[in-house]
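Q: If you read the sequences in order, they're chains A and B.
So that you can map any letter, position 302 of the first sequence is 301 in numbering that gives the first Met the number 0, and since no number is skipped, the others follow by simple counting.
So that you can map any letter, position 436 of the second sequence is 435 in numbering that gives the first Met the number 0, and since no number is skipped, the others follow by simple counting.
Errors might be hidden in some of the hints.
[Unchecked claim] Partial chain A-side listing against chain B, Cβ under 10 angstroms, derived: (1) L70; (2) Q99; (3) Y101; (4) T130; (5) S132; (6) R136; (7) D182; (8) F185; (9) S192; (10) Q289; (11) N296; (12) F297.
Calculated directly from the structure, the hints in this document are not laboratory data.
The structure presented is a predicted model; accordingly, all values stated were derived computationally and were not measured.
Ideal placement from N, C-alpha and C gives every residue a C-beta, glycine not left out.
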Amino acid sequence: MTVNVLPPATAEKDLPPDPHQQAPLEPAKRKKHRSPLAYFLVAPAALAELLVHIVPMVLGIWIAFITLNQLSIANWVNAPFVGLQNFVTALDPSSPIAGQLYGALGRTLMFTVIVVAIAWSMGMLGAVLLTSSFKGRGILRTLFLVPYALPSYVGTIAWAFMFNQRDGAINRFLVDDLGILQDRPFWLLGGNSFWAIVIVTAWQFWPFAFLMLLAALQNIPGDVYEAASLDGASLWKQFTQITLPMVKPANAVLLLIMSLWIFNQFNVPYVLFGPASPEQATLISPLIYQQSFNNWNFGLGGAMSVMLLVVLLIASAFYIRMVLPKGQHDD
Amino acid sequence: MKRNLEEETPGEVMHTKFRWLAALAVGALSVGSMTACSASGGSGDADTITYWASNQAPTVEKDAEILQESIDRYTEETGVKVDLEVIPWSDLYNRILTAVSSGEGPDVLNIGNTWAVSLQSSGAFVPWEGDALEAIGGQDRFVQSSFATGGAEGQAPTSVPIYGLSYSLYYNTAMFEAAGITTPPATWDEFVEDAKKLTVDTDGDGTIDQWGVTMAGSSISNNAHQAFVRGLQNGGSLYDDEGNPDFGNDGVVTGVKQWVDLMAVDKVVSPSDAESVNGSDMAATFADGGAAMFFDQAPDANLAARDFTGYAVAPVPMETADATGLLGTQSHVAGINVSVFENSDNKEAAIDFVKHLTSDDEQVYLNKSFSSLPVVTGAYDDPAFQSDTIKLKQEILEDHAQPMPLYPSEGQMETLVGTAIKNLLATAAQGGSVSESDVKSALEDANSQMSSGQ
Chain A
0 MTVNVLPPAT AEKDLPPDPH QQAPLEPAKR KKHRSPLAYF LVAPAALAEL LVHIVPMVLG
60 IWIAFITLNQ LSIANWVNAP FVGLQNFVTA LDPSSPIAGQ LYGALGRTLM FTVIVVAIAW
120 SMGMLGAVLL TSSFKGRGIL RTLFLVPYAL PSYVGTIAWA FMFNQRDGAI NRFLVDDLGI
180 LQDRPFWLLG GNSFWAIVIV TAWQFWPFAF LMLLAALQNI PGDVYEAASL DGASLWKQFT
240 QITLPMVKPA NAVLLLIMSL WIFNQFNVPY VLFGPASPEQ ATLISPLIYQ QSFNNWNFGL
300 GGAMSVMLLV VLLIASAFYI RMVLPKGQHD D
Chain B
0 MKRNLEEETP GEVMHTKFRW LAALAVGALS VGSMTACSAS GGSGDADTIT YWASNQAPTV
60 EKDAEILQES IDRYTEETGV KVDLEVIPWS DLYNRILTAV SSGEGPDVLN IGNTWAVSLQ
120 SSGAFVPWEG DALEAIGGQD RFVQSSFATG GAEGQAPTSV PIYGLSYSLY YNTAMFEAAG
180 ITTPPATWDE FVEDAKKLTV DTDGDGTIDQ WGVTMAGSSI SNNAHQAFVR GLQNGGSLYD
240 DEGNPDFGND GVVTGVKQWV DLMAVDKVVS PSDAESVNGS DMAATFADGG AAMFFDQAPD
300 ANLAARDFTG YAVAPVPMET ADATGLLGTQ SHVAGINVSV FENSDNKEAA IDFVKHLTSD
360 DEQVYLNKSF SSLPVVTGAY DDPAFQSDTI KLKQEILEDH AQPMPLYPSE GQMETLVGTA
420 IKNLLATAAQ GGSVSESDVK SALEDANSQM SSGQ
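Okay, chain B solo, but in the shape it has when bound:
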């Protein structure tokens, strides 16, 4: 090193300097700049379409295995081949945006239904109206609350549902019995009371080893869902009537405070949960006996993979047991939608493939495999969807679920509100107190970040 430097001519020194600077410049800019490379595009071959699927099963490999079976049936029927790629959730939105910006995307793709309006406004997807909607059997075949998540009100949706999901309360039946609790809690007060009974030091070593509730405190989306549901239950809303973000209103503050209080005040959640980034951590803690309850959408496959069956499912508790309308919200209309890329070279085959995925038979097969809910009414006759759990979830979707706010900025809202709650839980986990004004100022800060960033 020493020798090289000393022998370098001034020109070489400058050149070396520019090399560093160029490398530095690219390094610095690459973070904020768009990648120039395009996404793997539609194949352009009339007999082949590309499909990006989201990750529903415990592993991406399992997803591919399940989907391939359905794809094989489609190929056999139509002769059209499908190139499948299963994309983890952490990459999916950015992959979609890259595809949208380059115009080179897959022919068919799955999206989280809370992104539907954001992606609709990009104009990159085929609207489901007229011939396209007719080709998949029309709107009436679908569960209407799920279909409503496909786009903004008053506009033709650019996605149709493929899997339906809703939040419910999962509880350990043996722990409930041991604590003398006979029925699952119907109100929030009962829930907190039961959670306190279930938070125990089972081996008498002075530390709690069975917590009432487990949560994924660092999961941005889980936190945002809770802000939405708990906010509505308390008469608040994340957006005002004009569609402007309004995170700091009293109802949302009360709801978020209730959620954070589970750790900060009620002490029924392990402080360690504040570190938990992944929703599947909750299923793991629950299956290991570390907690008696948690809220989730479809952890069944995850619990089965851990050989845990000692649980039951109940509705999410509300402020009053008989609450209805917005006050009776127990879940957002959760689920996955499917879209066709406007730039697809094989639009006809792509729409036909969506018809296949949303057909009654495939809906039975897919939703049974992913332990989710069919989004077409015709599939519910199958015995697989006659269980109490499925009926309960279906009822929640029909009567107690609201779509997440249908505005293009929904994505940023999830990030900002979810992060604010993550930070509040981090404070609680470290023994700090979280007052109502702390919650209010965290949410208002998130609100003003959203306004100033637009």
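The following block holds chain A by itself, in its conformation from the complex:
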């Protein structure tokens, strides 16, 4: 009986190189040849990183521990150190500021979930639609990207006009043209204001989801779908069994990035409502802005920022471990 087993040496020699085995060797190899020139070349980027990211971050954290307001700002280096006082003020349930903070945190979380869900669904729908070729696909693709290409400020200002209660396009359409509503509702005051920021933010973000998902969808080989439809899989089945699993890695990144951006949303409420958002639509970033730049209490604003940072870091780390197990596995 002949056992057709090649000796290991031969196997390695004859087979094409395995990229997965080669990969770990690479960094070591590179390390060996690293010359001082490499450090020299990296130095400008490292310096820029230090100045643009690290120094402002450290400053921001330091501000959270001092009383920095209009009285101490002229001599900010010597502003009184107050330890955790700013954090206590922000978190003490009996203070109205903490009430605002907790309210804004909960609202921002809900806002993020709703906006991500809408933007993702619209992006996915658009991407699936445009994957198959048809006449006018190019024009449609360009149109879909308009909200993303438009400067955020310009788009939001246009929405602010449309949401105007007296003569905005939305009330004209809903009240005058369709007659679905009797009284002209306010969209930028009261409870509706929350939905106004949801709509505008989702409108601004869905093209990004669309773009990322379209790129991911175009990487799926067409014959997979062909084989599935030959086997009698319905379109829904194809979507859930092929499309979704195949775009999972892209989705993981997309959802994280979108969630972080949307959680930190500042432009839309600021342009729609001005410096003070209605209570029902106060998100966390505008609240921090309000404390820092309207009430000129930079220490308190800094403490809120640091807490926000910690919350988001924990959430992100948790998410990355959950949806990107591959990285962990390879460790």
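For this one, chain A is given, so just place chain B on it according to the hints.
A: Relative to the frame of chain A, chain B by itself:
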């Protein structure tokens, strides 16, 4: 995307993660942290000074055009060049704070006079006393109520007035005539009564198209000014005698309730006004015939730009027509002041430029151009300031105006009280009722936010 992720080594995954985290960290912190970059500083060139001007004209470009004329005269006279930057109100205070924190500011700058005490306590501006005050001709040249806004009582002011302003009642003369109203209202009751007469459905379509009054319900500063004036008229005050914030006292609550009631109870203000963020919206509504009255400081240029001339000006109504003292308050001593930055490399030239801006001739030119009031008595002889409107405003400033509270926390007070009123008006606009206890609790909430935030 998919391909990239799958091929990433663990190190790269981590690196990508850190990139996000770093970006996120900066994003989160940048909101609350100070910017590290400095403001555009004094030039350091002995022949050039930098001047930050506030926005007085309908547009920033118009401001620059008007100011440049005055600057050219100064440069011709002294040889000193002036780098001018006109800064919109929404950015001005934060730009000033950035300049104060970095020590790199302009040589000369305009400030809203209600910020004077807050900025004085930062210690970043030249006090107007001794030689500096003498260089601009001494205190006696100025209208005293305006000069009093330059800083806290008992301390050398760190700003001097440049433009004077006061609130008054603007009304549409044709609408008054059509409603059979012969004299403008002198008391608050008469004002509300007239406003009701002026709130009409002119075209008979069942909706009101001419409102008695227009207001900028979402303008924080306008709301705060109303709380101040209406509070004093009703015997209240935003600060107690010890200088502690006291927004929830009976007088202020009554005053604010009167203001909110215009929309909530009297129904003489369009609910749409609750959305109006900008004071100039009032001038627009008024010029378009959407409302018969409004309170403002100097909308004249704005109304002229809309070719509207069918209006007259009257004093702000009081609780009783002959009220005097604090009960007779019709306006805060509104206006713009000018300061010199302590860190200026050209302090002498900077003070000299303030002397130029506050000279009789330039006061005539500038205040005529911005439809504001001169702050030096010598300028009032000019025919431009002999009109009834100017005389009325001058009288209000002299006899019926009080400076906004002269405490360092005045800025926060404006934000918190103004926002509380904005929220009350939003409730009224949506048909909700606003009771006295709602007003009280909104103001007390603002008060406790200020106390706990300090």
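Q: Each of the hints needs a verdict: does it hold here or not?
A: So, going through the hints one by one against the coordinates:
1. Hint on A/L70 holds. Least Cβ distance to chain B is approximately 5 angstroms, under the 10 angstroms limit.
2. Interface restraint check for A/Q99: the shortest CB-CB distance to chain B comes to about 8 angstroms, inside 10 angstroms, so the restraint holds.
3. Among the interface hints, the one on A/Y101 is violated; its C-beta lies about 14 angstroms from the nearest C-beta in chain B, farther than the 10 angstroms criterion.
4. With a least beta-carbon distance of about 14 angstroms to chain B, the hint placing A/T130 at the interface is violated under the 10 angstroms criterion.
5. Because the closest C-beta pair between A/S132 and chain B is about 21 angstroms apart, greater than 10 angstroms, the hint is violated.
6. The interface hint given for A/R136 is broken, as the beta carbon of that residue sits about 21 angstroms from the closest beta carbon of chain B, more than 10 angstroms.
7. Interface restraint check for A/D182: the shortest CB-CB distance to chain B comes to about 8 angstroms, inside 10 angstroms, so the restraint holds.
8. With 10 angstroms as the threshold, the beta carbon of A/F185 comes within range of chain B, its nearest partner Cβ sitting at about 6 angstroms, so the hint holds.
9. About 9 angstroms separates the beta-carbon of A/S192 from the nearest beta-carbon of chain B, less than 10 angstroms, and the hint is met.
10. Of the supplied interface hints, the one on A/Q289 holds, with its beta-carbon coming within about 8 angstroms of a beta-carbon of chain B, less than 10 angstroms.
11. For the restraint placing A/N296 at the interface with chain B, the shortest Cβ-Cβ distance is roughly 5 angstroms, inside the 10 angstroms limit, so the hint holds.
12. Checking A/F297 against chain B by beta carbon gives a least distance of about 6 angstroms; that is within 10 angstroms, so the hint holds.
Of the hints listed earlier, those the structure fails to meet are numbers 3, 4, 5 and 6, in rising order.
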